[in-house]
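Kindly produce the complete structure, drawing on both the sequences and the hints.
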Amino acid sequence: MIENLNLQLDLLDYTIVILYLGGMITVGLWIARKVRDFTSFFVAGHLMTTPLLISTLVSTYYGLDVTFGVSEVSFEEGVMAWFVYSRPYYLAILVTGLFVARRLKAFAFLSLPDIAEHFYGKGTRVTMALANFLYNLPILSIIGMGVLFKITLGLSEIQGYLLGASIAVVYTLLGGLWADAITDTFQFVLMCVTLAIAIPFAIQMVGGFEWIFAQLDAKYFASMGEVAPGYLFALALSAFSVFVEPALYQRIFAAKDERSVRRALLIGILLWAAYDWGVTILGIAAAAAVKQNLLPADIEGRQALIHMVLVSLPIGLKGFFIAGILSAAMSTVDSYLLLSSGNMTYDIYRPLFRPDMSDAALLRWTRIGIVASLIPCLAIAVYFQRITDAWVFMSTVLTPTTLVPIMAAIFLRGTRKRLEGLLSSLVGLATVLLYYGLVTLLGQEQKDSYVLTVYWSLHTLELWREYSLFFALPLSVAGFMLGSALSASARRK
Amino acid sequence: MSMWEIGTWLACIVLGPGALAIFLFFLRDARKMLQGLEKQSSDREVNDRTEA
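Here the protein sequences come in this chain order: A and B. When you line the first sequence up against numbering that gives the first Met the number 0, it's residues 0 to 492, in that order. When you line the second sequence up against numbering that gives the first Met the number 0, it's residues 0 to 51, in that order.
Honestly, the hints are just simulated from the structure, not real lab data. Remember, predicted model here, so these are calculated numbers, not experimental data. For glycine and all other residues, C-beta sits at the position ideal for the given N, C-alpha and C. Be careful, since some hints might not be right.
Below, a list of computed lysine-lysine pairs in the DSSO-like style, where the Cα atoms sit at most 27 Å apart [as the list claims (entries may be wrong)]:
hint	chain 1	residue 1	chain 2	residue 2
1	B	Lys31	A	Lys33
2	B	Lys38	A	Lys104
3	A	Lys104	B	Lys31
4	A	Lys290	A	Lys218
5	A	Lys33	A	Lys104
6	A	Lys121	A	Lys104
7	A	Lys33	B	Lys38
Facing chain A, a subset of chain B residues (Cβ under 10 Å, in silico) [unchecked claim]:
hint	residue
8	Ala10
9	Ala18
10	Phe22
11	Glu37
Sample of chain A residues with no beta-carbon within 12 Å of chain B, all distances over it, derived [said to hold, decoys possible]:
hint	residue
12	Arg35
13	Arg101
14	Gly122
15	Gly224
16	Ala246
17	Ile298
18	Val370
19	Met393
20	Trp455
21	Pro473
Next comes the structure, spelled out in structure tokens:
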């Protein structure tokens, strides 16, 4: 079986993938004729209803990082991938749906830095926009598409990056969030339904659940796995990013009303949980397939899901599954390219350099920004040997810079002061940069990460690169309090 | 049947029929949303012409 591992697609599979890609561009072209102003382009004219919100939220927030990342963990560790990695996020989304969305819908904001300027001024707006821009570059999904096209179509990784990203750019460039959200809806159905179809095929291939239970170690079914308490806490803290997730905010602003957002997030949790569980089980099935010699023993964890599914699905369904995986990637790439372009043009360029810019010019510049955002993405994807280095930094830069000022603006009573937001976000950003740089330069490489061991008296302290939030968040709070105290003192004088 | 199996088949139901049901609701809303988009665009054009 291993020698005959057949991942090649049939003509029917290719046809399905090509039809899918063509269909997405057609939708983009069609919707582009209807979009003529920036608000329609960037927040879909605040007209989105619950079903469209569910589709665009679920498909945007879940890209190849989740699909391949969660299945990689479950392939190696078991069901803890769902309980430890995914569960804290559902809680954060629930809190956002119940409490944050209502407060946000009370204002007519278009972006997260809009909130910063409204409460704290332009300095905080620009700091947050820079952190947002770094976070929004969809590098991992572009790399995922390169790997996918390499495995399935035999393209080089660079050709894969260019093909997948170009198609996502074309329809986003034309139709903005409308094109993005409507293509997201088709992509949402494809990614969910193809996963639902793939699961029974994969489980049947490894002989059903009885065989899975019989062949795998008990650790595969330990809900909390063997994770150190510090690492668990770091993972739980990482879920705080949901409270300032730019794509989530953009969709809250795009919603018709607060009720539509709340419903979409609550139903979304069910779909996210099901999706996570689906990829977790496929990773476990792949581990059982290795035990049965159905898959090679040296298979990479990240590729376990795609190998498992392509080996177990029949011709035709393979094509649908590839289209589903591409959907997961493209729905993320298009949304985040639009956001990063908005950060450059709407959040930084216009307020700083051309405050009198017309709506038409802003729309034109945002379209140019989508292509411009793609350039650093492709450059990082092509030139970085270890993508995790860039990705860990980008994913941790957002929360310390934005969480404290944004939550304070939304929930604290009283008037906010400029210095509170500015110091909080600058201190948060500086701490992350410093921590990341120190641990990467002075630390030792360990398990795809870096660890800096600090000796203190008779104790040793292991500082993992993922622990930056432990320092950056409290310091961001301290920056906020310092700003508050300085403002009060200046007022008294 | 174990809890893992029940969870897996429930996930399949949510991802398969559940996602399709949401798509049908989207189709129901689509016409109204697109009409709203066209109205906003035409209002914007009228405003631009008036301002010009």
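Taking the hints in turn, this is what the structure says about them:
Only pairs whose Cα atoms come within 27 Å are accepted, and lysine 31 of chain B paired with lysine 33 of chain A is accepted, the gap being roughly 14 Å. Between lysine 38 of chain B and lysine 104 of chain A, the direct Cα distance comes to roughly 22 Å. Compliance with the 27 Å bound is thereby established for this hinted pair. The hinted pair formed by lysine 104 of chain A and lysine 31 of chain B meets the criterion: a straight-line CA distance of about 21 Å does not exceed 27 Å. A hinted pair counts as satisfied when its Cα atoms are at most 27 Å apart, and lysine 290 of chain A with lysine 218 of chain A qualifies at roughly 15 Å.
A distance of roughly 25 Å separates the Cα atoms of lysine 33 of chain A and lysine 104 of chain A; the hinted pair therefore holds under the 27 Å criterion. Restraint check: the Cα-Cα separation between lysine 121 of chain A and lysine 104 of chain A comes to about 22 Å, which is no more than 27 Å; the hinted pair holds. For the suggested pair lysine 33 of chain A and lysine 38 of chain B, the alpha carbons sit about 10 Å apart, so the restraint of at most 27 Å is met. For alanine 10 of chain B, the suggested interface contact is upheld, since its CB lies about 4 Å from the closest CB of chain A, less than 10 Å.
At about 4 Å, the closest approach between the beta carbon of alanine 18 of chain B and any beta carbon in chain A falls short of 10 Å, and the interface hint on this residue holds. For phenylalanine 22 of chain B, the shortest C-beta to C-beta distance to chain A is roughly 5 Å, which falls under 10 Å, so the interface hint holds. Look at glutamate 37 of chain B: its Cβ gets to within about 6 Å of chain A, closer than 10 Å, so that hint holds up. Not every C-beta of chain B lies more than 12 Å from that of arginine 35 of chain A, the closest at about 5 Å, which undercuts listing it as non-interface.
With 12 Å as the threshold on Cβ separation, the claim that arginine 101 of chain A sits away from chain B holds: the shortest Cβ distance comes to roughly 22 Å. At roughly 32 Å, the least C-beta separation between glycine 122 of chain A and chain B is larger than 12 Å, which holds for a residue marked as non-interface. Non-interface status of glycine 224 of chain A relative to chain B is upheld: no Cβ of that chain comes within 12 Å, the nearest being about 15 Å off. A cut-off of 12 Å between C-beta atoms confirms that alanine 246 of chain A is not in contact with chain B; the least separation is 18 Å.
In this structure isoleucine 298 of chain A is separated from chain B by more than 12 Å, as the shortest Cβ-Cβ distance comes to about 22 Å. Here valine 370 of chain A stays apart from chain B, with its beta-carbon at least about 24 Å from theirs, past the 12 Å limit. With a cut of 12 Å on Cβ distances, methionine 393 of chain A stays outside the contact zone with chain B, its closest approach being about 29 Å. No Cβ of chain B approaches the Cβ of tryptophan 455 of chain A within 12 Å, the least distance being about 43 Å, so the stated non-interface status holds.
Every CB of chain B lies more than 12 Å from the CB of proline 473 of chain A, the least distance being 37 Å, so the non-interface label holds.
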